[in-house]
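A.B. asks: Going down the list, the sequences are from chains F and S.
Using our numbering, the first residue of the first sequence is number 74, and each one after it goes up by one.
Using our numbering, the first residue of the second sequence is number 127, and each one after it goes up by one.
Keep in mind that the hints were calculated from the coordinates and are not lab data.
Nothing here was measured: the structure is a model prediction, and the numbers come from that model.
Treat each hint with caution, since some may be false.
[To be verified] Straight-line C-alpha distance at most 25 Å; calculated SDA-like pairs for lysine to any residue:
hint: 1; chain 1: F; residue 1: K127; chain 2: S; residue 2: I167
hint: 2; chain 1: S; residue 1: K379; chain 2: F; residue 2: T378
hint: 3; chain 1: F; residue 1: K127; chain 2: S; residue 2: K379
hint: 4; chain 1: S; residue 1: K379; chain 2: F; residue 2: A214
hint: 5; chain 1: S; residue 1: K324; chain 2: F; residue 2: T419
hint: 6; chain 1: F; residue 1: K127; chain 2: S; residue 2: K393
hint: 7; chain 1: S; residue 1: K244; chain 2: F; residue 2: K127
hint: 8; chain 1: S; residue 1: K181; chain 2: F; residue 2: I137
hint: 9; chain 1: S; residue 1: K324; chain 2: F; residue 2: A246
hint: 10; chain 1: F; residue 1: K127; chain 2: S; residue 2: F171
hint: 11; chain 1: F; residue 1: K127; chain 2: S; residue 2: A180
hint: 12; chain 1: S; residue 1: K244; chain 2: F; residue 2: L106
hint: 13; chain 1: F; residue 1: K127; chain 2: S; residue 2: E182
hint: 14; chain 1: S; residue 1: K393; chain 2: S; residue 2: V420
hint: 15; chain 1: F; residue 1: K121; chain 2: S; residue 2: K181
hint: 16; chain 1: S; residue 1: K379; chain 2: F; residue 2: Q229
hint: 17; chain 1: F; residue 1: K121; chain 2: F; residue 2: D337
hint: 18; chain 1: S; residue 1: K181; chain 2: F; residue 2: V134
hint: 19; chain 1: F; residue 1: K127; chain 2: F; residue 2: A98
hint: 20; chain 1: F; residue 1: K127; chain 2: S; residue 2: E175
hint: 21; chain 1: S; residue 1: K244; chain 2: F; residue 2: A246
[What the hints assert, rightly or not] Pulled a few chain S residues facing chain F out of the computed Cβ check, cut under 10 Å:
hint: 22; residue: D246
hint: 23; residue: V295
hint: 24; residue: F312
hint: 25; residue: L320
hint: 26; residue: K324
hint: 27; residue: A356
hint: 28; residue: A453
All residues carry an ideal CB built from backbone N, CA and C; glycine is no exception.
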Amino acid sequence: MAGMLVCGAAFGTFLAGTIVPFVAAAAFTTIMLITLTFMVGRAMGNAKLTLWAKTELVQLVVSIVSVGILVMVINIFCVIDMSEVGGFFGITAPSMNVYNAFIAYLNESMTYSHNALTVIRYHLEAYTVMTYFNAFMCDFAVGNIGLGCFFGYSGQQEQPFGGYGAQMATLNAFFASTIIAYFSAMNSLFILLFVYKGFVFLFLPLGVFLRAMPYLRGFGSLLIALAISFLTIFPFMLGVCYLMGGVLVDRANGYAPSGISMDDYDEQIFIDSEDFAAQLGSSMVGPDAVRCTYFSSDSAACIATAALSLGIIPPDAVGESFDKDNIPGAVAFAAYAFIAAVFFPTIALLATIASVSYITRLMGEEIDLSRLTQMV
Amino acid sequence: MKRLPLLLFLLLTPLSFAGWETIGGIAIVTSAALLATVYAIGLGFGVNELQMMAKEELYQLVALGIMMAVLVGTNGLINTLSSTPALSPGSDSLQNASVLLLDGLRDNVSTILTNIGKYDLAVTKEGSKAGQCSIMGMGYGVSGCGGYSMLPAPLSMAGGIAGFAMGEVSGMKRLILISQSFALPFLLPLGILLRTFKITRGAGGFLIALGISMHIMLPAGIVFNEMLVATFMDDATASSGYEASPTSVTIEKCSATEISPGQGSFKCSDLIGTDPDTNDAKAVKAYCDLRTSVRSYLKTILLQATLGPVISLLMMMASLRALTSLAGAEVDVSAISRFV
Numbered sequence: 074m075a076g077m078l079v080c081g082a083a084f085g086t087f088l089a090g091t092i093v094p095f096v097a098a099a100a101f102t103t104i105m106l107i108t109l110t111f112m113v114g115r116a117m118g119n120a121k122l123t124l125w126a127k128t129e130l131v132q133l134v135v136s137i138v139s140v141g142i143l144v145m146v147i148n149i150f151c152v153i154d155m156s157e158v159g160g161f162f163g164i165t166a167p168s169m170n171v172y173n174a175f176i177a178y179l180n181e182s183m184t185y186s187h188n189a190l191t192v193i194r195y196h197l198e199a200y201t202v203m204t205y206f207n208a209f210m211c212d213f214a215v216g217n218i219g220l221g222c223f224f225g226y227s228g229q230q231e232q233p234f235g236g237y238g239a240q241m242a243t244l245n246a247f248f249a250s251t252i253i254a255y256f257s258a259m260n261s262l263f264i265l266l267f268v269y270k271g272f273v274f275l276f277l278p279l280g281v282f283l284r285a286m287p288y289l290r291g292f293g294s295l296l297i298a299l300a301i302s303f304l305t306i307f308p309f310m311l312g313v314c315y316l317m318g319g320v321l322v323d324r325a326n327g328y329a330p331s332g333i334s335m336d337d338y339d340e341q342i343f344i345d346s347e348d349f350a351a352q353l354g355s356s357m358v359g360p361d362a363v364r365c366t367y368f369s370s371d372s373a374a375c376i377a378t379a380a381l382s383l384g385i386i387p388p389d390a391v392g393e394s395f396d397k398d399n400i401p402g403a404v405a406f407a408a409y410a411f412i413a414a415v416f417f418p419t420i421a422l423l424a425t426i427a428s429v430s431y432i433t434r435l436m437g438e439e440i441d442l443s444r445l446t447q448m449v
Numbered sequence: 127m128k129r130l131p132l133l134l135f136l137l138l139t140p141l142s143f144a145g146w147e148t149i150g151g152i153a154i155v156t157s158a159a160l161l162a163t164v165y166a167i168g169l170g171f172g173v174n175e176l177q178m179m180a181k182e183e184l185y186q187l188v189a190l191g192i193m194m195a196v197l198v199g200t201n202g203l204i205n206t207l208s209s210t211p212a213l214s215p216g217s218d219s220l221q222n223a224s225v226l227l228l229d230g231l232r233d234n235v236s237t238i239l240t241n242i243g244k245y246d247l248a249v250t251k252e253g254s255k256a257g258q259c260s261i262m263g264m265g266y267g268v269s270g271c272g273g274y275s276m277l278p279a280p281l282s283m284a285g286g287i288a289g290f291a292m293g294e295v296s297g298m299k300r301l302i303l304i305s306q307s308f309a310l311p312f313l314l315p316l317g318i319l320l321r322t323f324k325i326t327r328g329a330g331g332f333l334i335a336l337g338i339s340m341h342i343m344l345p346a347g348i349v350f351n352e353m354l355v356a357t358f359m360d361d362a363t364a365s366s367g368y369e370a371s372p373t374s375v376t377i378e379k380c381s382a383t384e385i386s387p388g389q390g391s392f393k394c395s396d397l398i399g400t401d402p403d404t405n406d407a408k409a410v411k412a413y414c415d416l417r418t419s420v421r422s423y424l425k426t427i428l429l430q431a432t433l434g435p436v437i438s439l440l441m442m443m444a445s446l447r448a449l450t451s452l453a454g455a456e457v458d459v460s461a462i463s464r465f466v
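Next up, chain S with everything else stripped away, as it sits in the complex (with noise of 0.2 Å):
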């Protein structure tokens, strides 16, 4: 008698979903007739292992079905989260606002990368200006913007910083973008439908868990450590100086054949509203201007775009790890946390 609801149940399972849910239940229908006939084997050879084997792969059958009804439930929990205002501002989901914020956050990025790619080019040509002058084979040779030489070893160093920044940006944007066209749509249910069948179940555990974590920790990682940054910079104590917009910085010109006398040594205070005539006082001013200026850049560069993506996929892989171990075969992916 029991044979007959369960007979039902599988043959009722794909009609109850519907979408990418019909393959996971064609899959469960197509397991359950290769266990029968496992089963049928093992009844009619009197093997005792088939039988027990088939047996506990019908746990894993009504297993996975329990599991896809869960899914079915969590995706609609999923979607209802995702949508939630308050974890996505300014958008109609998680995954939108995460890219919104992303495309603001790879702009601004860009503004500062191309801004620190100006300042280098214009000291760098102050600083390798020389005066000459010679006839008949005499002449002098004479470099007086030395002091410009010692700003594009650190304008290069923050470069190299802000287009690791961008670089992350750009990657995170992408990932979420691939989350949003295939995680729920292709490597969940092809997860499920691997999952069915006994020598793909660890690849097909492997893809739930990725489709999950990708889906919701990705985005939600980003718009946590905006959060995170909002809460930080609403604090004046902490955030002072942090929240002011870059200032500009003006490289004067350098005159090549200008030697200037000794003037002592300057402080950037003494600097601040004058207009310096010598070439050593522009070269401070340049350096006390940009010293000024790279404050303002750390909250775009350190905070939003190099923080928020190592949390995301921190977040995700920490996901990834607790959901294989749920699915029944836990991965270390220490591998892929390397590659924060």
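So here's chain F without its partners, still in its complex pose (with noise of 0.2 Å):
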């Protein structure tokens, strides 16, 4: 968990003995070079060199206090627990802190992401195999039997479910929008790691060196602006997401919409190209039995009614026999998933940004971070 990976003993080992250390060199390197400017300011008797050492001195001072205060706000919200932050809006939540609630949110994203991708691939998977099942129906029928073929190949071959083409074309597309939902969420859990391995460890001690620099004080402030958004503001933004996790991934109703049963969608159900009495069970019972195997939650009734009509379901059982063909269900779904695991998460990162924003021009630097913005 984030939280254990932060809050834990191995992080505050490597902020005790690799950041705090680079920041206290980058410090007393920077220290240096502003007590030998002001030297040589005095020395040559310019003014210029002395007043620009006193005012990066300063800078100096509040870079510091900047990493003092990424420091002390990563310990508070190590303390903070979301369930009582819930509390206060009458929102209940398991108890976690901040950098927990960020982890469980996009967890739980990519678990109702992948619910989603299941409903609409056994979808996909039913149609696909119903497409390609052919029925040959020999002359001079008697119920399922056709005397046509007693002694020769005399019939009819038709594909009874080959027009799925509305239905595939429809879930193919939500398909690969669940796709990118479940990889978004990944790539979230994978800044966050870049965000505890790399940022702390390159943004805080180049930004407190640089923004003493002449010329490079933007390019300081916006590191170090990056490393406090992204240790702070990312999480606390996703947290605040996990509050809202009851309608956002539907968590009391095991990560799937209501009207939608995970124990529904078996892929197991689908039968193995091998498995010949099945196949051969199916094909004798007739057309519907196949979409009973399917689409059916209770498919051996749907068959029973399949047989006695001869292999077709009345029209008016239609709906009540195929309860799990359920297109506008998969759909949203989908569309559900992609608010989940992509508006919220791109939301956190545009109010990370938006923080950046405002912090670099706390620093006295305004950033123009619209070109930014342009890459989520």
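Hey, can you piece these two chains together into the complex? The hints should help.
C.D. replies: Listed below in structure tokens is the structure:
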């Protein structure tokens, strides 16, 4: 968990053993440069150099204070209980700190997207199997038996379920969007790891050093602002999404929208290509028996209905027989997954970038981040 | 003398609000206490920068207090606006009206998608028919239903478009439900709370803007689009043909072994009201029926289910950008606009 990653002993050791010495070294180097500049300024009687040194000393203090504030905020986030934050607003959520809530939300959105993928994939698999289902109806049929095939091969061939193109076109598009949602959630998790191991390590010491260098204050401010924002605002914003998880990822319903039960979409149901008996059985009962197998939660009763009607489900019974055939539900699930795993993490990222913009302005340099947001 | 009223104002601030406003009040008082500490340090050590910073932040704090007072007032205005009958047809608020509209729209799009699926299934089944006869290895195979093979491709495309519309409507309804649950009761006060502290001011301003934009602009986009569509439909000249209910399409059974003699070209007008008996005439009639019924789907699929959510999201993005700018940290929201 991220909480253990950030709030645990390992990160503390990393911070105290690596980051702080690096920041201290950068600060010391900067102080040496400032001191030398001040001495040269005094020796040469150059007021510009002494003024520069004094100004940069103040900026160095600002940088070090910023790093101190960052460490303090991280420690505060490690003890803030998101369930208590939610309690202020009447929201109930399991108890955990900000960093754990952040990673919990991303894990939940991944589970949610994966469930959406499963439901869509189930439909696509079923339609694909049925599309390739061929029926040969022998001439002179008596029930399901055609006398025309006794002495030869006389009859009519057709694909009773060949026409699922409209549904498959829809589902293929949403399958792609749900994969994007799933990858986006994983991408956010990767950003998390990169922030903890990359941003802090590189950006803080460099930021402290560069802020005091001529012409590089803007860049140094940006580095510190990025580290502060991605270590505090980004996790907090996704922690806020965690508090909204009851609606966003349908936490109470097993990470699926109401009306969809993941137990209905067990892909083990698809007949193995070598399961001759199952294929023969479903073929003999009639074409709708195949649909019953995949799209009815009570397939035996559904097949019995089909068998009584010579393999065709009576039109009036279609809706209740094929209750798992739920394209509107699958499409809506995909849309919800996109909102949970792409839309709101993007909102969190934009809030983080807004914070970067504000912090850089706070440090005296306005940065135009419009290019950065276009990469989102 | 000026400090006493200020102190009284800060102490009484939490008492003047109720519910989420209390949290904002607590945030203001906490922030004021921190500023006082900073100012005291600046005064004690003679650091002018710290004193200046504390003074500047005090202005921000006062601005925040004003903003909260405005928001408390605006909350009533927003609720009044939301429940204006003109903006909430058939419901008690703008948000509920949009949810009702989206529910109806979802049912319509679902019916259309189901119909397209049924036609696709029937057409492809007929088009796949082939007759065979063989005895002792000799025989023939014939497919007399090839005429139907022209129809599955456009039906697939129609299904894809209807599916996208379904996704948009479902997604929009979800966003409005999220905004109903969280925009004003959670995002807005949290934004105010975050905006109080310097380090989180950018994110706080963004959350305030997001809460207001989601609460007002998302449902407003849906309702406004519905008004536009109603106005368009009222114009008989412009909307001629779009207002009709979808006509039923009958896919005639095809005989796999029947090869009809060449009959020249068909026109749709020749087949209206007829009961064709040849395979190719049946296929053409199915095409003509589908072509006629497509136009009646356009109002629901394109105007209501596709354009409505697009307008709604764009309104939200524009509002978000304007409000973040007002809150002091403009955000380029083109990233979200790209979802449209």
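A.B. asks: Does each hint hold? Answer for all of them.
C.D. replies: Hint check:
Of the pairs offered as hints, the one joining F/K127 and S/I167 holds, with about 20 Å between alpha carbons and a cut-off of 25 Å not exceeded. Pair hint S/K379 plus F/T378 holds up; C-alpha atoms about 24 Å apart against a cutoff of 25 Å. At roughly 92 Å between alpha-carbon atoms, F/K127 and S/K379 are farther apart than 25 Å, so this suggested pair is violated. Simply put, S/K379 and F/A214 have alpha-carbon atoms about 18 Å apart, close enough for the 25 Å limit, and the pair holds.
For a cut-off of 25 Å, the pair hint linking S/K324 to F/T419 stands: about 23 Å separates their Cα positions. Between the alpha carbons of F/K127 and S/K393 the distance comes to roughly 90 Å, so the proposed pair goes past 25 Å and is violated. Using a Cα cut-off of 25 Å, the hinted pair S/K244 and F/K127 is violated, with the two alpha carbons roughly 80 Å apart. Among the hinted pairs, S/K181 with F/I137 is consistent with the structure: their alpha-carbon atoms are about 22 Å apart, no more than 25 Å.
At roughly 44 Å between alpha-carbon atoms, S/K324 and F/A246 are farther apart than 25 Å, so this suggested pair is violated. Note on F/K127 and S/F171: the hinted pairing holds, with a Cα-Cα distance of about 17 Å set against a maximum of 25 Å. For the suggested pair F/K127 and S/A180, the alpha carbons sit about 22 Å apart, so the restraint of at most 25 Å is met. For the suggested pair S/K244 and F/L106, the alpha carbons sit about 78 Å apart, so the restraint of at most 25 Å is broken.
Between F/K127 and S/E182 the alpha-carbon distance is near 23 Å, which keeps this suggested pair within the 25 Å criterion. For the proposed pair S/K393 and S/V420, the alpha carbon gap of about 18 Å is at most 25 Å, so the pair holds. Taken as a hint, the F/K121 and S/K181 pair is broken in the structure, with Cα atoms around 29 Å apart against an allowance of 25 Å. For the hint linking S/K379 to F/Q229, the alpha-carbon distance of about 13 Å falls within 25 Å, and the restraint holds.
With a CA separation close to 77 Å, the supplied pair F/K121 and F/D337 exceeds the 25 Å bound. For the hint pairing S/K181 with F/V134, the CA-to-CA distance comes to about 20 Å; that is within 25 Å, so the pair holds. For the hint linking F/K127 to F/A98, the alpha-carbon distance of about 20 Å falls within 25 Å, and the restraint holds. Distance hint between F/K127 and S/E175 is fulfilled; the C-alpha atoms sit about 13 Å from each other, no more than 25 Å.
A threshold of 25 Å between alpha carbons decides the hint, and for S/K244 with F/A246 the separation of about 20 Å falls inside it, so the pair holds. Nearest Cβ of chain F to the Cβ of S/D246: about 4 Å, under the 10 Å cut. The hint holds. Interface hint at S/V295: satisfied, since its Cβ lies 9 Å from the closest Cβ of chain F, which is below the 10 Å cut-off. Hint status for S/F312: holds, given a least beta-carbon distance of 5 Å to chain F, under 10 Å.
Interface restraint check: S/L320 against chain F, minimum CB-CB distance 8 Å, threshold 10 Å, status holds. With a least beta-carbon distance of about 7 Å to chain F, the hint placing S/K324 at the interface is held under the 10 Å criterion. The interface hint given for S/A356 is violated, since its Cβ lies 25 Å from the closest Cβ of chain F, which is over the 10 Å cut-off. Annotation: interface hint on S/A453 holds; nearest CB of chain F at approximately 9 Å, less than 10 Å.
In this structure, the earlier hints numbered 3, 6, 7, 9, 12, 15, 17, 27 are contradicted, and the remaining ones agree with it.
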